[in-house]
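J.: Chains A and B, in that order, give the protein sequences.
Using numbering that gives the first Met the number 0, the final residue of the first sequence is 226, and nothing's skipped along the way.
Using numbering that gives the first Met the number 0, the final residue of the second sequence is 215, and nothing's skipped along the way.
Think of the hints as simulated: they come from the structure by calculation, not from any bench.
Treat the numbers as computed from the prediction; the structure is a model and nothing was measured.
Where a beta carbon is used, it is the ideal one built from N, C-alpha and C, also for glycine.
Please note: incorrect hints may appear among the correct ones.
For each label pair, taking beta carbons as the anchor points, the in silico distance ranges come out as [said to hold, decoys possible]:
| # | chain 1 | residue 1 | chain 2 | residue 2 | range |
| --- | --- | --- | --- | --- | --- |
| 1 | B | PHE197 | A | VAL29 | 46 to 56 angstroms |
| 2 | A | ILE17 | B | ARG212 | 52 to 62 angstroms |
| 3 | A | ALA199 | B | SER52 | 12 to 22 angstroms |
| 4 | A | TYR2 | B | CYS48 | 25 to 35 angstroms |
| 5 | B | GLU207 | A | PHE4 | 24 to 34 angstroms |
A few chain A residues that face chain B, going by a derived Cβ cut-off under 8 angstroms, partial list only [said to hold, decoys possible]:
| # | residue |
| --- | --- |
| 6 | THR66 |
| 7 | PRO67 |
| 8 | ILE69 |
| 9 | ILE70 |
| 10 | TRP74 |
| 11 | LEU159 |
| 12 | ALA160 |
| 13 | SER168 |
| 14 | GLU170 |
| 15 | PHE187 |
| 16 | TYR190 |
If you want the footprint, here are the derived chain A segments under chain B, 3+ residues with CB under 8 angstroms [said to hold, decoys possible]:
| # | segment |
| --- | --- |
| 17 | 78 to 91 |
| 18 | 171 to 182 |
| 19 | 197 to 211 |
The primary structure of each chain is shown beneath.
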Amino acid sequence: MDYVFDFSFLESFRSEIINGVRLTILLTVVSILPGFALGTACAVGRLYGPRWLQTAVTIYIEAIRNTPLIIQVFWLFFGLTVLGARIGPFNAAVIALVINTGAYSAEIMRAGFQAIPKGQLEAANCLAMTRRQIFWNIQLPQAAELVYPALVSQFILMMLATSIMSQISVEELTGVGYQVQSITFRGFDVYLVIAVLYLALATMLRLCLHGAAQLAFTRLRKLRTPL
Amino acid sequence: MLGVSLDQYGFLVQGAFWTVVLSLMGFVGGTIVGLPVALARISRGWFLCRASSAYVQFVQGIPLPVIMFVVYFGVSIYGFDVNALVAAAIAMTLYSSAYLGEIWKGCIQAVPKTQWEAGECLALTNLQRFIYIILPQALRIAVPPTVGFLVQIVKNTSYSVVIGFFDLTYSAKILNNATFKPFIIFTAAALIYFAICFPLSRYARRFELRLHRRNA
Chain A
0 MDYVFDFSFL
10 ESFRSEIING
20 VRLTILLTVV
30 SILPGFALGT
40 ACAVGRLYGP
50 RWLQTAVTIY
60 IEAIRNTPLI
70 IQVFWLFFGL
80 TVLGARIGPF
90 NAAVIALVIN
100 TGAYSAEIMR
110 AGFQAIPKGQ
120 LEAANCLAMT
130 RRQIFWNIQL
140 PQAAELVYPA
150 LVSQFILMML
160 ATSIMSQISV
170 EELTGVGYQV
180 QSITFRGFDV
190 YLVIAVLYLA
200 LATMLRLCLH
210 GAAQLAFTRL
220 RKLRTPL
Chain B
0 MLGVSLDQYG
10 FLVQGAFWTV
20 VLSLMGFVGG
30 TIVGLPVALA
40 RISRGWFLCR
50 ASSAYVQFVQ
60 GIPLPVIMFV
70 VYFGVSIYGF
80 DVNALVAAAI
90 AMTLYSSAYL
100 GEIWKGCIQA
110 VPKTQWEAGE
120 CLALTNLQRF
130 IYIILPQALR
140 IAVPPTVGFL
150 VQIVKNTSYS
160 VVIGFFDLTY
170 SAKILNNATF
180 KPFIIFTAAA
190 LIYFAICFPL
200 SRYARRFELR
210 LHRRNA
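Pulled out of the complex, with its shape left as it was, chain A reads as follows (with noise of 0.2 angstroms):
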């Protein structure tokens, strides 16, 4: 076994594989507060709507929940060109990406108004306040706490899978891996690369991500307790 690792195509590709890091950070950081949004609308819905939207939500999560982002993505790509809605595959990838997390979130989400205890529900009763400032003061902030670790994983996974839209021509690092590959044909080595490059982007989001949480939680920066 004499293979010779060649890494030159890092100097000639560099602004290549630069722009492609930053695709891929940018749909990430494009995707991820509006998948956060609609996951906790999503919750809330499915837990105190009314009962058509219940049934709407849910349906909703699980069909997200039990199909591949591949097929979300290619059905959605592929089926607005055809009813003639060319909304160009960067979008068309950041769209599928925020459905995608909003069914995952909104689980998790769900789990974290439900893990609330009651008695704050009771003391923020006490104290009058309208259902509205009940929600914003006490339960979404406690409920983004409690369940935060999870919601890091799942951003993480989420940036993870954007590596998938270079199948829609969106050319973020697995994509600008390919075309490298493609011309040097130094498979294993580009993607070595790539690996270690999406290591430190996870890493890197993991740190972003605690760092919001310190900004975000009052209680946790005084404190520095889990709740």
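Guided by the hints, dock chain B onto chain A, whose structure is given.
T.: Relative to chain A, chain B alone:
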């Protein structure tokens, strides 16, 4: 039917067959590799613990399509003729072993510590304690999350499309290129995936509820 012939639906079903085959290979491989990973994760040996933890973190930090590519191109270096099925199966094994190892580690740790202590009081050896006391209890805890993860395995076999493995997603992609009826074809493919995954999800949830009720 809806502008897609029966033969073409048959083509999808053929792809679905290979999706199931790859899922089973991934699950069996993941079990064979994942069990030692789980044991290493809870072992007291410094090296085993660190090495298995690094392995899990590595695999969980790399997207499955990239793992597929690395395996696909990596195997060919050794001069083997790479079959996409073999590469995909190895990649699925790596992927599911990391997750299953982590799941099972949690299940073993979920068995109350007093059970270990009780075993020690009965003068059982380490191995005896593990096999006769801990394992049967851990297995029962492990069923719902393992079945739940099976859903992930089935869904994630769709990523093997990047190395050109003929599965349900790949056959749907070919059919779409041939007929250009994306709504019908991808809906049909999604329905087949759903038909495989949804019963598993339901079963996992029901089993979990039953487990909770018994413990409560």
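J.: Close enough to count: is the Cβ of ILE69(A) nearer than 8 angstroms to one in chain B?
T.: Where the cut-off is 8 angstroms and the nearest Cβ of chain B is about 5 angstroms from ILE69(A), the hint holds.
J.: Can the hint on TYR190(A) be confirmed by a CB-to-CB distance to chain B that is less than 8 angstroms?
T.: holds, 4 angstroms
J.: Can you tell me whether the CB distance of GLU207(B) to PHE4(A) sits inside 24 to 34 angstroms?
T.: violated, 46 angstroms
J.: Holds or violated: the hint that PRO67(A) contacts chain B, with Cβ atoms closer than 8 angstroms.
T.: holds, 4 angstroms
J.: Using C-beta distances, would you say chain B covers the segment 78 to 91 of chain A, given that this needs three or more residues below 8 angstroms?
T.: Since 3 is at least three, the answer is holds.
J.: Per the hint of 25 to 35 angstroms, is the separation of the Cβ atoms of TYR2(A) and CYS48(B) within bounds?
T.: holds, 31 angstroms
J.: Just to be careful: measuring from the Cβ of SER168(A) to every Cβ in chain B, is the smallest value less than 8 angstroms?
T.: Since chain B brings no Cβ nearer than about 13 angstroms to SER168(A), farther than 8 angstroms, the hint is violated.
J.: How about the segment 197 to 211 of chain A: do at least three of its residues have a C-beta closer than 8 angstroms to a C-beta of chain B?
T.: holds (count 4)
J.: For the segment 171 to 182 of chain A, count the residues whose Cβ lies under 8 angstroms from any Cβ of chain B; is that count three or more?
T.: holds (count 4)
J.: Per the hint of 46 to 56 angstroms, is the separation of the Cβ atoms of PHE197(B) and VAL29(A) within bounds?
T.: Check failed, 30 angstroms falls outside 46 to 56 angstroms.
J.: Classify the hint on THR66(A) as holds or violated, based on whether any CB of chain B lies nearer than 8 angstroms to its CB.
T.: Result: holds, 4 angstroms to nearest chain B Cβ.
J.: Is 12 to 22 angstroms right for how far apart the beta carbons of ALA199(A) and SER52(B) are?
T.: For ALA199(A) and SER52(B) the Cβ distance comes to about 18 angstroms; the hint holds.
Hints 1, 5, 13, 14 from the earlier list are contradicted by this structure; the remaining hints agree with it.
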